[in-house]
Amino acid sequence: MDASQRPQLEKKKVDINYLLKEAPREQHFITGAQAMAEAVKRANVDMAIAYPITPQSEVMHLVGDIYAQGHIKEYYRAEEELGTMSAIAGAARAGVRLFTATSGPGLLRGLEAIVSWSGHRVPAVLGILTRVVNAPLSIQPDNIEMAYMMHCGAVMLHAENQQDTFDMTLAAFAITEKVDVYIPVAVATEGFFVTHAKGYVDMMADDLCLPDFDPVAAPVPAMDNETPPARIQRDAPVQKSNFMSYLIHSVWQQEIWDSNKRAMKYIYEYLGGPIEVQNPEADVFVVASGCAAAQAREAWRYGQEEGLSVGLIKVRAIRPFPIKEIQEATKNAKTLIVPEHNIIGWLSKEVKAAIPNGGIVVEGPRVYGGMTLPVELIMKEIYTALGLEYELNL
Amino acid sequence: MTKRVTVGPAGYMPASAPEMGVELAPKGQALLYGDVVSEEEAMRDAAIALLTRDNPTIFPGPQVLWDWKDDVAEKAAAILDLASEIPNCKIIPMPDYRPKYPKIDVKAEINPNHPNLTILDNKIKACIFVGVHCHYANLSLRMIRAGTDCYTTALCAYMGHEEAMASIRDLHAEDIQKFKEIIIEERNKLGIEWETTLPPENPSLEKEDFSTLSPADYGEYRSLIMTKKGEHVTETE
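One line per chain: the protein sequences are A and B, in this order. Our numbering applies: residue 1 is where the first sequence begins, and numbers increase by one. Our numbering applies: residue 1 is where the second sequence begins, and numbers increase by one.
Hint data in this document are derived by calculation from the structure and do not stem from the laboratory. These figures come from a predicted structure and were not determined experimentally.
A short, non-exhaustive set of chain B residues, derived as facing chain A with CB atoms under 7 Å: (1) S16; (2) N138; (3) Y158; (4) M159.
Listed below are the simulated DSS-like cross-link pairs for lysine-lysine, each with C-alpha atoms no more than 25 Å apart in a straight line: (5) K90/B / K107/B; (6) K265/A / K3/B; (7) K11/A / K21/A; (8) K265/A / K349/A; (9) K324/A / K27/B; (10) K3/B / K27/B; (11) K73/A / K12/A; (12) K27/B / K265/A; (13) K13/A / K69/B; (14) K21/A / K265/A; (15) K261/A / K3/B; (16) K189/B / K178/B; (17) K352/A / K334/A; (18) K3/B / K324/A; (19) K27/B / K13/A; (20) K27/B / K261/A; (21) K334/A / K380/A; (22) K27/B / K21/A; (23) K73/A / K11/A.
Simulated coverage check for chain B against chain A, where a stretch passes if three residues somewhere in it have a Cβ under 8 Å from a Cβ of chain A: (24) 106-115; (25) 126-137.
In this text, a Cβ means the ideal position worked out from N, Cα and C, and glycines have one as well.
Please build the complete structure, drawing on both the sequences and the hints.
What follows is the structure, given as C-alpha cells:
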C-alpha cells in the first residue's frame, strides 16, 4: 500500500508557537525514547527512514509504531545507516518533512551523508541517542559522537531529560524549516540515561500537529516536476579546478554556517534561549549540557543548600554555540566546572574558546564508556574551586 | 551607524555579512549597509544608487520568471514597471542555477556560480536581485560584494539578505510599486529626464519559435515531457 492509500488521522493543524507554548498539556511518565517519538507524532512528519541497528535506541521502533497508527505518511527500513541518511537527502529533494534517528557507530556510518545534508540544504530532524563509539564494542552511553557532528553545519540541541527531548524535537522541526535556516537540526540526548529511563513529560494532545510542510517556502527549489521553477535541481558547482569553482564552494560553506547562526533567534523563540542560567551572581559555575546538566543541576542544588556561591549554566544549543551568552553569563565568574560524558571534553573546549579567560575552566569531571556521573564528583570540584575541603565517598 | 556591508570589492575571501555580525531585519523593516532601517530608507538609498550608478540592471530569478504561483504574474508585471522607470535599465535573468559550460553568455544571463562575470563584463554598478531562491541569492550577493564594485539591492519574498547593500523583505507586488514610486521621486529630485520605457529585448536571446519545438529541444529534461508506457495524454496546456 503506498502512502496515498493509507488512512490518515484527522488532526488539528496548529502553529508551532501555539503547540509549544499555549496548547494545554498533560503529564505523562515516559522514557526519553518515547518522548522523542511522541514529538514526532505531533510533527506531521511525511516520512521517517530507519535503520534500527544495535545500539539504536527504541526511537525508530516507536516511530514505526506511530506510522502504523497513521501519524506518519511513509516509513521504511533502509539497508544501513549510510543508506538511511542518503535516502533522507533524496527525500528532501521531493519537499517533505523528514525524521530519522541513530546512535554512536550508526551515526558515524551515516556521517558521510549527514555532513552533506547542510550543503544540500536538507531540512530534516535527526535524533542522536548517544552511545560509545567502537572499539572496543560496547552499547553504553557516552556522547563522544557529538564531537563528530559539531563541524558539519547542522544545528545541534542537547536535551537534559525526557521533557527537553520532547520539546526540542518539536522545536527542531520548526527551526529546520525556516527559510533562513534550512539546514538539519540534530536533537541529541544520552542513551540509556535518558532514552531508557522514565521521567515526567508534559505533552499536548496528540490530535494536534504542526501544519503541513511547505516545500515552496525554501531557499532552494524542491524537485517538483510539476512546477516549472522547481524543475531546477540543487545544482552544485562544477568541480573544475579554477578560481570560479573554488569561489562558489567557499561562499557556499559560508552560507551553511551563516544559516547555522540564523538559527539562534529561533532557539530563543521556541526554547527560551541557548542557555539556562541559575544564580547568575555566583563565583563558581557548573557548565553542562545533556544529562550531565541534570547532574550539574543536582550539584547546584546541593551547593545552594550548603550556602555555596555556585551557579548552573545549562547549554541547550551546541550549534550554534552560544558564545556571546556564555561570555556574558560568566564575565564575573572565577571558576567554570565542565562535567561531561566523554573522554575528549568537547564542551570544555568550546567553553574555553568562547571566553577571554579560558584558564578559569576546570576540564571535568569526565566519565565515559558508559560510566555514570556521580554528583559527588562535581561537588568535589566545586569545593576545591572555593578553597574548601571535600571528602569524596563513592 | 557604521556601514558594515558596503560596495566592494571587499577582497579575496572576505568574511560574510553574518560573520561580521549582521542579522536579518525583523518583519516590517529592511537592511541598509547591514543596519536595520525602515523599508523606505532602504528603498531611497537603493533608488539613488540605481539612478546614479552606471548600467543599472535587474536580475530576475526563477521565482518571478515563470507564472507558477498566484501572485507571481502581478509581481513580474510590477518588476517591468519598475524597470521602465530606471533610465537605461537592463534585465538580465538568472533562469536557473546550473553552472554554464563551456562559457556563460554574460550578455544573456547571470549565474550564481560566477555572477561576477556578468557584472564585470557588463560594467554593472547597481543591480536588483528579485525572485532568486535565497540560497543562491546569498551566494551571488557575497561573490559580487567580494569581487566587484556593484551596489546590490535584494527584493526578497522571505526574510531578506544580509549581503546586499539594501535588502527588502516580505516582498509583494505593492512593495515593488512603492519602490517604483520612490524611484520616480528621487529621479525628479535629481533632475533626471526620463520617459517611461521598457528595457530593450535581451540581444543574446534568440526569438523562440514554438511551432518547431521538438522533444529534442528539452535536452536532458526530455524524459519529463515524454509519456510513460501505456499513458495517453489527451489534454495539454
